[in-house]
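Could you build all of it, start to finish, from the sequences and the hints given here?
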Amino acid sequence: MGNTLLVMLTYVAYVFIVVMYGKKVYRFASLPPHLRWDLYPVMHEPKYKYGGSYYEHPQWWAKHRPRSVVRSFFWVLKDTFYLGEYFHKNRGYWFWLLPWHLGFILIITLHILCFLAAVAMVLGLSVAAGSSDLAGRIFYYFILLSGICSFVLGAFGSIGMLVKRVSNRDLREFASPMNYFSYLFTLVVFLSGLYAWYYVDPTFSEYREFWTGVITFSPKGVQGGSVVHIVLFDLFLLYLPLTRSMHYISRFFAFFWVYWDDAPNVKGSETEKKIQALLDQPVSWSAPHIQSGKKWTDLASGMPTTD
Amino acid sequence: MRNGTGINDISKECDQLAKITKEGLMKLPYPYDQGEMEPKVKLLSDQEKGLFETSLDGVSAILIPKPKNKAEEDELCRKFLSGFRKLLTKENNWTFLQPLMHSLDYCGKCLSCSDECPVYISSGRQDIYRPSYRSELLRRIKGRYIDGTGGFSSWFQGNGVELNWATIARLAELAYRCTLCRRCTQVCSRGIDNGLITHEIRKIFSQEMGIAPKELHTKGTVQQLRTGSSTGMTPAALGNIVEFIQDEIREKTGMNIAVPVDKEGADVLLIHNAGEYIAWPENPAAFAIILEAAGIDWTLSSDLLGYDGVNYGVWYDDVQFSRVAVKHAQIAKKLKVNRIVVGECGHAHKALITVADRILTGDLNIPRESCLPLLEDIVLNGKLKLDPERNDFLVTLHDPCNMVRLMGIVEPQRRILRKICPQFREMTPHGVKNYCCGGGSGFAIMTSKSFASWRSTISGRMKLKQTLDVFQHESAPEIKKYVCAPCSNCKGQIRELFNDYKLWETCGVLYGGLVELIVNAMVDIKQPFIEWEWH
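From first to last, the protein sequence lines stand for chains Z and H.
Here the first sequence stands for residues 7 to 313, where the numbers follow the working numbering.
Here the second sequence stands for residues 116 to 650, where the numbers follow the working numbering.
Where hints are given, some of them may not hold.
[What the hints assert, rightly or not] Now the stretches of chain H that chain Z is said to cover, found in silico as 3 or more residues with beta-carbon under 8 Å:
no., region
1, 206-212
2, 372-379
3, 476-490
4, 634-640
[As the list claims (entries may be wrong)] Using 30 Å as the maximum straight-line C-alpha spacing, the simulated DSS-like pairs for lysine-lysine come out as follows:
no., chain 1, residue 1, chain 2, residue 2
5, H, 448, Z, 301
6, H, 224, Z, 170
7, H, 134, Z, 279
8, H, 194, H, 564
9, H, 617, H, 157
10, Z, 30, Z, 84
11, H, 564, H, 595
12, Z, 280, Z, 69
13, Z, 279, Z, 300
14, H, 137, H, 127
15, Z, 273, H, 451
16, Z, 95, Z, 84
17, Z, 279, H, 142
18, H, 201, Z, 280
19, Z, 280, H, 564
20, H, 142, Z, 300
21, H, 257, Z, 29
22, H, 183, H, 367
23, Z, 170, H, 164
24, Z, 273, H, 205
25, Z, 55, Z, 84
26, H, 451, Z, 279
27, H, 134, H, 201
28, Z, 300, H, 617
29, H, 378, Z, 273
30, H, 257, Z, 170
31, Z, 170, H, 548
32, Z, 29, Z, 95
33, H, 127, Z, 279
34, H, 185, H, 142
35, H, 449, Z, 30
36, H, 334, Z, 84
37, H, 142, H, 157
38, H, 334, H, 127
39, Z, 301, H, 378
40, H, 378, Z, 69
Since the hints were made in silico from the structure, they are not lab data.
Where a beta carbon is used, it is the ideal one built from N, C-alpha and C, also for glycine.
The following block contains the structure:
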């Protein structure tokens, strides 16, 4: 019964986080196009090193505008693992933030690997240090490495972030009880993982077995220490969508869809059609110089009736 | 916090939330390092304090009259919330909703942005001037009063701020303590834009409550839409000014140039900030000399708004912004020009070329570009005979935020200066990492009560420091120095800043545009074009 409940909770947690994140992404992506709000350097520009743009060319509209989306993507990706601006501008914060972040990234990596390994195991692959299959050995060592690094770095970072936030008056002023709860919660999750690995499941074999149970709908028994970690991690997944954690994803949107969105509006383009539809909407602002109820188009081509 | 001003303190009843003193400000280098040469920080008189809201920092940028009674206070609070709700709807704020939602939802509250803000640093790190202070305040108001989370949830998320008149009045003033330079956004790993949030707060006050600095609204966009220019200059007055400029060119250079006005079918419609015609007519004169000498087919417009490229709406009101931008495009369409070229005005660049890009649809989508690449093409491709030795004095470059950080026009102006100014040197930092002149987002033209003093002593302080630093080994007044600022608003701010600190008398630092330096280097002009006298 307990094992079944554990698997059920895992299902619920994963479905919940996927649905909630999906909903957030959809809501953000479906917001209307906005006015240009560029911020340089724009990483897909050939002149990104000094922050130059296509506006540096006379009659820029008549010239080819090369762009490297791959470079932009890898810049954001690299920054996700390195947090470069913090390193350069706020080293004391970065020192704790980076391990905390890496703890998150690696614990997600651990679970993705466990899921994939479980699928492979169901299909007949042996995942172990002495497996005759190279893939089995790769799974084994990568799971081991990501798990241990995640728990150690995450716990270290959680403590550091908590201490940093509490000990700095400025940071404390901007913090909410939720921030402290998050640090403590993540600390407990990482410490429980560390405990489970060290005392209960040093090769993560039990955890891989648990995952084969999850994907085959046949719950497998795990020991107490692992149960605690699994429950805490599932609760953590349920908690995450209620926090600002989607910044891992939303920062891509901020850079690609706002600051680096330098695509000029072209006559007859899809963007222009979307904009035209928005301009045909009525506006309800109440200031005296705006005629509430008129369409954007009419307001823009009109004059203020009063000051 | 350092000065003990917490975010929730904003709603507290007290005379003044933050005290500004000369002693607390960021130290300046020689010869201002002892403090005696600094101008006084002017604050409002007690009588003025009784009339207007000054309880943020003793300064009033927008002169909000105090509400007469509780009912009026409550009504203002209601209107603020009504405006805030509209700000979060697609219909009313499609223009910036997506970036706004991101910046409201995902701040990590790490405060890395604080040290990037010249206002915060210059003020001696006053907590209220942190870029994230007003953003966090808005988030807390949203959490408690818009999203409606009460009780435990509100406490858990830290939404403890009280919405009352003090909060609203101080927030309105706070929205005018940020120059929207967006330097803070550059360092945010999550892409949070405090400048954008400030911009959006200004919109709530203007678009819903009708509260905006009179220099931006009544005497700004409204006057521009009605009379043709925020300076009050009418189309008829432009004719007189053009005649004056032609006379000046003849007198100074011996050249007979007929400045083309309303020439239909010209290749280029040149739009200046009309402030140039009044305060620095040598700038449009220099443009005329260069374009004529380079054989460009160009024209000015005498149509209503056609001779004033400013668009103050870009700082505080999307509707006013759209109205001005559409008028500019309609004028170009009427003249049947191939392209609009914006003169040396940073915010006019950003407003018309970039931000208006998705307002100007169909036939109004006329190609628009900066004057800087055009000037670079003229200077570097030998279309003028130039002698750099004529500019053999110390020159540094101020980067207008709107052209550089917010449009990526970084190198053309530098390549020109490297070619024509042998003693050109860079400020630190420069390019897209530059510091604002302190007059951005409308500050340069805002003069109400003590605001001008605040602007010189605080928001412009970092630019003053940069200028002193770049010339630190040649500070003697007899050594000629030139700060090239290819932006009208920046020049307006630099003029007031240098004037308040007597920088011309003390250190011999003059300021001016880029085109003046180009004409000064022209071999065909016998007398120096730049006059070394303060103006």
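Here is how each hint holds up against the structure:
no. : hint            : verdict
1   : 206-212         : holds (count 6)
2   : 372-379         : violated (count 0)
3   : 476-490         : holds (count 9)
4   : 634-640         : violated (count 0)
5   : 448(H) x 301(Z) : holds, 23 Å
6   : 224(H) x 170(Z) : holds, 12 Å
7   : 134(H) x 279(Z) : violated, 51 Å
8   : 194(H) x 564(H) : holds, 26 Å
9   : 617(H) x 157(H) : holds, 17 Å
10  : 30(Z) x 84(Z)   : holds, 24 Å
11  : 564(H) x 595(H) : violated, 34 Å
12  : 280(Z) x 69(Z)  : holds, 25 Å
13  : 279(Z) x 300(Z) : holds, 20 Å
14  : 137(H) x 127(H) : holds, 25 Å
15  : 273(Z) x 451(H) : holds, 17 Å
16  : 95(Z) x 84(Z)   : holds, 17 Å
17  : 279(Z) x 142(H) : violated, 53 Å
18  : 201(H) x 280(Z) : holds, 20 Å
19  : 280(Z) x 564(H) : violated, 44 Å
20  : 142(H) x 300(Z) : violated, 52 Å
21  : 257(H) x 29(Z)  : holds, 21 Å
22  : 183(H) x 367(H) : violated, 58 Å
23  : 170(Z) x 164(H) : violated, 40 Å
24  : 273(Z) x 205(H) : holds, 23 Å
25  : 55(Z) x 84(Z)   : holds, 16 Å
26  : 451(H) x 279(Z) : holds, 24 Å
27  : 134(H) x 201(H) : violated, 34 Å
28  : 300(Z) x 617(H) : violated, 51 Å
29  : 378(H) x 273(Z) : holds, 26 Å
30  : 257(H) x 170(Z) : holds, 27 Å
31  : 170(Z) x 548(H) : holds, 28 Å
32  : 29(Z) x 95(Z)   : violated, 34 Å
33  : 127(H) x 279(Z) : violated, 48 Å
34  : 185(H) x 142(H) : violated, 43 Å
35  : 449(H) x 30(Z)  : violated, 46 Å
36  : 334(H) x 84(Z)  : violated, 48 Å
37  : 142(H) x 157(H) : holds, 18 Å
38  : 334(H) x 127(H) : violated, 33 Å
39  : 301(Z) x 378(H) : violated, 34 Å
40  : 378(H) x 69(Z)  : holds, 27 Å
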